[in-house]
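> Just so you know, the protein sequences line up as chains A, B and C, in that order. Position one of the first sequence corresponds to residue 1 (my numbering), numbered consecutively onward. Position one of the second sequence corresponds to residue 1 (my numbering), numbered consecutively onward. Position one of the third sequence corresponds to residue 1 (my numbering), numbered consecutively onward.
Just to be clear, a hint being listed does not mean it is correct.
Unchecked claim - A few chain C residues facing chain B, derived, Cβ under 8 Å:
no.: 1; residue: Y5
no.: 2; residue: I7
no.: 3; residue: A14
no.: 4; residue: A15
no.: 5; residue: V58
no.: 6; residue: Y61
no.: 7; residue: A66
no.: 8; residue: F67
no.: 9; residue: E73
no.: 10; residue: F76
no.: 11; residue: A83
no.: 12; residue: V87
no.: 13; residue: L89
no.: 14; residue: A94
no.: 15; residue: F98
no.: 16; residue: G105
To be verified - Here are the simulated lysine to aspartate or glutamate pairs, EDC-like style, with alpha carbons at most 20 Å apart:
no.: 17; chain 1: C; residue 1: K32; chain 2: C; residue 2: E116
no.: 18; chain 1: B; residue 1: K187; chain 2: A; residue 2: D238
no.: 19; chain 1: B; residue 1: K187; chain 2: A; residue 2: D302
Please keep in mind that the hints were generated in silico from the structure rather than gathered at the bench. Cβ atoms here follow ideal geometry from the backbone N, Cα and C, with glycine treated the same way.
These are the residues of each chain, in order.
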Amino acid sequence: MDALTIPPVDLGLIAPLLVVVTWATGLLLVDTFFIPVGRKKLTGYLAIAGLVVAGLVGLPLWGVSGSTFGGMVRLDPFALTLTWVFLLIGILSITMSLDYLPRQDIEQGEYYPLIMFAVSGMILLAQGADLIVLFLGIETLSITLYILTGFAYPRLTSEEAAMKYLVLGAFAAGFFVYGIALIFGATGSTRLSEIGAYAADRDLGDTNLTLLLGGAAMVLIAFSFKAALAPFHMWIPDVYQGSPTPVAAFMSVGTKGGALAALVRLLFEALPTLNAYWLPVLAGLTALTMVVGNLGAIAQMDVKRMLAYSSIGHAGYVMLGVMVAGEQRGPEAFIFYILVYALSNLGAFAVLIALEHQGEEAWQLDDFAGLYQRQPLLAVAMAIFMFSLAGVPPTAGFMAKFYALTAAWEGGLPWLALVGVLTSAIAAFFYLRVIIRMFMTEPEGEPAPELNRGLTIDIVVAAAGTIIIGLIPAPIFALVERSAVALGG
Amino acid sequence: MEVVVQITFGVIAVFILVAAAMVVSVRNVIHAALWLIACFFGVGALYMLLEAEFLAVVQVLIYVGAVSVLILFAIMLTRQITGEGVRQLTNRWPVVLAIATLLFATVLAPTLINQQWNVPPAPPLGTPEPIAGPAELGRGFVNEFLIQFQVVGVLLTVALIGAIVIAYEERARRRKVLTLAEELELKRLREQTSPTVPAPVEAEPVVQESRSASER
Amino acid sequence: MLANYAIVGIFLVAAISFPLIPLVLAFFLRPKRPTPLKTSTYECGLEAIGDVHVQFKVQYYLYALAFVIFDIEVIFLYPWAVAFQVVGLYGLIAATIFLLMLFAGLLYEWRKGALEWV
Chain A
1 MDALTIPPVD
11 LGLIAPLLVV
21 VTWATGLLLV
31 DTFFIPVGRK
41 KLTGYLAIAG
51 LVVAGLVGLP
61 LWGVSGSTFG
71 GMVRLDPFAL
81 TLTWVFLLIG
91 ILSITMSLDY
101 LPRQDIEQGE
111 YYPLIMFAVS
121 GMILLAQGAD
131 LIVLFLGIET
141 LSITLYILTG
151 FAYPRLTSEE
161 AAMKYLVLGA
171 FAAGFFVYGI
181 ALIFGATGST
191 RLSEIGAYAA
201 DRDLGDTNLT
211 LLLGGAAMVL
221 IAFSFKAALA
231 PFHMWIPDVY
241 QGSPTPVAAF
251 MSVGTKGGAL
261 AALVRLLFEA
271 LPTLNAYWLP
281 VLAGLTALTM
291 VVGNLGAIAQ
301 MDVKRMLAYS
311 SIGHAGYVML
321 GVMVAGEQRG
331 PEAFIFYILV
341 YALSNLGAFA
351 VLIALEHQGE
361 EAWQLDDFAG
371 LYQRQPLLAV
381 AMAIFMFSLA
391 GVPPTAGFMA
401 KFYALTAAWE
411 GGLPWLALVG
421 VLTSAIAAFF
431 YLRVIIRMFM
441 TEPEGEPAPE
451 LNRGLTIDIV
461 VAAAGTIIIG
471 LIPAPIFALV
481 ERSAVALGG
Chain B
1 MEVVVQITFG
11 VIAVFILVAA
21 AMVVSVRNVI
31 HAALWLIACF
41 FGVGALYMLL
51 EAEFLAVVQV
61 LIYVGAVSVL
71 ILFAIMLTRQ
81 ITGEGVRQLT
91 NRWPVVLAIA
101 TLLFATVLAP
111 TLINQQWNVP
121 PAPPLGTPEP
131 IAGPAELGRG
141 FVNEFLIQFQ
151 VVGVLLTVAL
161 IGAIVIAYEE
171 RARRRKVLTL
181 AEELELKRLR
191 EQTSPTVPAP
201 VEAEPVVQES
211 RSASER
Chain C
1 MLANYAIVGI
11 FLVAAISFPL
21 IPLVLAFFLR
31 PKRPTPLKTS
41 TYECGLEAIG
51 DVHVQFKVQY
61 YLYALAFVIF
71 DIEVIFLYPW
81 AVAFQVVGLY
91 GLIAATIFLL
101 MLFAGLLYEW
111 RKGALEWV
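Just chain A, same shape as in the assembly (with noise of 0.2 Å):
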């Protein structure tokens, strides 16, 4: 046996990663040894602090390109704005439950820890270049899910969820590592580049190419669960129904950004030459997870769950962006939409939460009735990401959407731009319900909504931001498309 030749490994490039995880283990411990029962906000804050730590860490490292571990991870400015959308969806989420979880009577110190390592997981996806790696990411990813989900104990609504999302994500994991197997058989490496170039110069019709095209079809089978694409996405609107509502509304942005940032990496590092097999499929499940999301939206009287539809169709919105990420508008609205999606979702979660009692749930429609009336200043914030959501002009929704179907319409699918246009005029309908219902009726119970710190700094944080990146969306714009620059390819 020779001698081991040390890889060069530079942890600069995997700073933000490192803090957020080594924080996350101290956190635990500190929380378990150092704080009181009663005093489980401060782990919390220290949540808090160690998201943006990693965050300012991260800053230095803007326009460093680079990959490390033998090329298992590389950092890009693509990653390093993904990891911090993904650090604020952290802050955001841990900002509504600090008062969430004591009001439920599920408050433990191993929540906030457990958010910070699925964001860890986040991150390791959207830096991962290896399919080992990817698959380590989504694990650890969603093995914090399966917990988060089932944190709800005393309800049983929420030990539903976590074991239909439990079952149902460990088969998404069996196809990954399958795939995974193939790709290997195919081509003998994991290495995103190496199977991109192996895939570049062999012919069709070759042993391998069935090999890999099979691989590749296991592997989009696992992103389209994790990302609830069309025919995958039955367990969203019940997993999202019985989490607790922070845990919901981090999902519902968080999966998706994470997965569709690996899912952009793996389409245009390893398998740009198979463009012709998977573009067809993706865009047509792309047309159905529009369609389905939100015509399943309409019928719903439950706020949670029309959020749950909503969100499968938005996941449709995104994937335009990820299908031309080859083009340099694709990454850009990819990372646009995923900015504005989760600051919208975000703060219309907050809303939910500040109208959530212990013990019962105000998520019908008809808990919104009047709310105008009695909460004037909650019922605007919900108006503001209803209208986002559902891409009015003067919200950084329609930005978004307009971002995203250009992007679709300049990378040669204009036909699958058209099917977004006409479903954002489906969703339209019952986004401005909610709206209609604040505004235009008298209130009928009399549930307070509670609002308080945390929850009105989420709220105010999001509103701010939707209403921002609408009217003055520059220097967003210049962000994303300098953080585009690198992938395009």
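Starting from the known structure of chain A, fit chains B and C onto it as the hints suggest.
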């Protein structure tokens, strides 16, 4: 030698198939679990035949040693075991069998038709580093797979947290509550009748354990 | 390589047949005169009451879960230990970080009281 290997493979394969069939067909759940363990053993032997000794040892240690214990404990935890009287197949199982066979045939047929047998497959372009024994694997863990090695540590820790959060804490403060379907049903009932229908009853905790004990 | 296992296989067959042959022989040779008392489960002591199947405490399951996790950890350490001479100090540091991560998990479990038998 070649023939011996082939025969051994045949014996092991038949053993695995029989064991797997028994897992789904025996009436007693515990017996099914024991057959599953036999199945795991067979897979371990198969790895041995493929000269993947380390994998075989892992298979025996993890699956036969640990996972089967987990399965048996999980069965022991349940209050009412699915007894002999319960049918494990629905009445329409022939239809299901036909569909499953058809789907499997659809997957298998192109391979059987198109595959040119006894032609050594084209070697993959990227030459995979031969990872056979534990020593090469150990080198790999600190060399090219370092990041995976460390992330697995994180993953295992997260799994440990999950085990405690879900299996340990849960029992201490569990309450009888309704399933999603029951809750929806109740909601519908409440909407139909007057709003004075009682709210979902929250019964006493099933297991009475002091909360403080679990927090210490 | 594989031929080495032939010896193991022969040994396995011999080991199994060694106790099996006397048992089979005894089955054919022994006199068979059963009485009700002889065929009862226990020839002395009390009659067994109740179901064989009892519900276990969740504690058992928790231990099994922890066992699986640390079992997998050991599996990952085993190749490292075999390659210890080659990977040297660098490998030691890598394995220590891996172990520290799981040690944190163990500390957490201990502090939570999940290792106590209640």
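> Decide, hint by hint, whether the structure agrees.
Evaluated hints:
no.	hint	result
1	Y5	holds, 7 Å
2	I7	violated, 13 Å
3	A14	violated, 17 Å
4	A15	violated, 16 Å
5	V58	holds, 5 Å
6	Y61	holds, 5 Å
7	A66	holds, 7 Å
8	F67	holds, 6 Å
9	E73	holds, 6 Å
10	F76	holds, 6 Å
11	A83	holds, 3 Å
12	V87	holds, 5 Å
13	L89	violated, 10 Å
14	A94	holds, 4 Å
15	F98	holds, 4 Å
16	G105	holds, 4 Å
17	C:K32 - C:E116	violated, 51 Å
18	B:K187 - A:D238	holds, 16 Å
19	B:K187 - A:D302	holds, 11 Å
Comparing the model with each numbered hint stated earlier shows that hints 2, 3, 4, 13, 17 do not hold.
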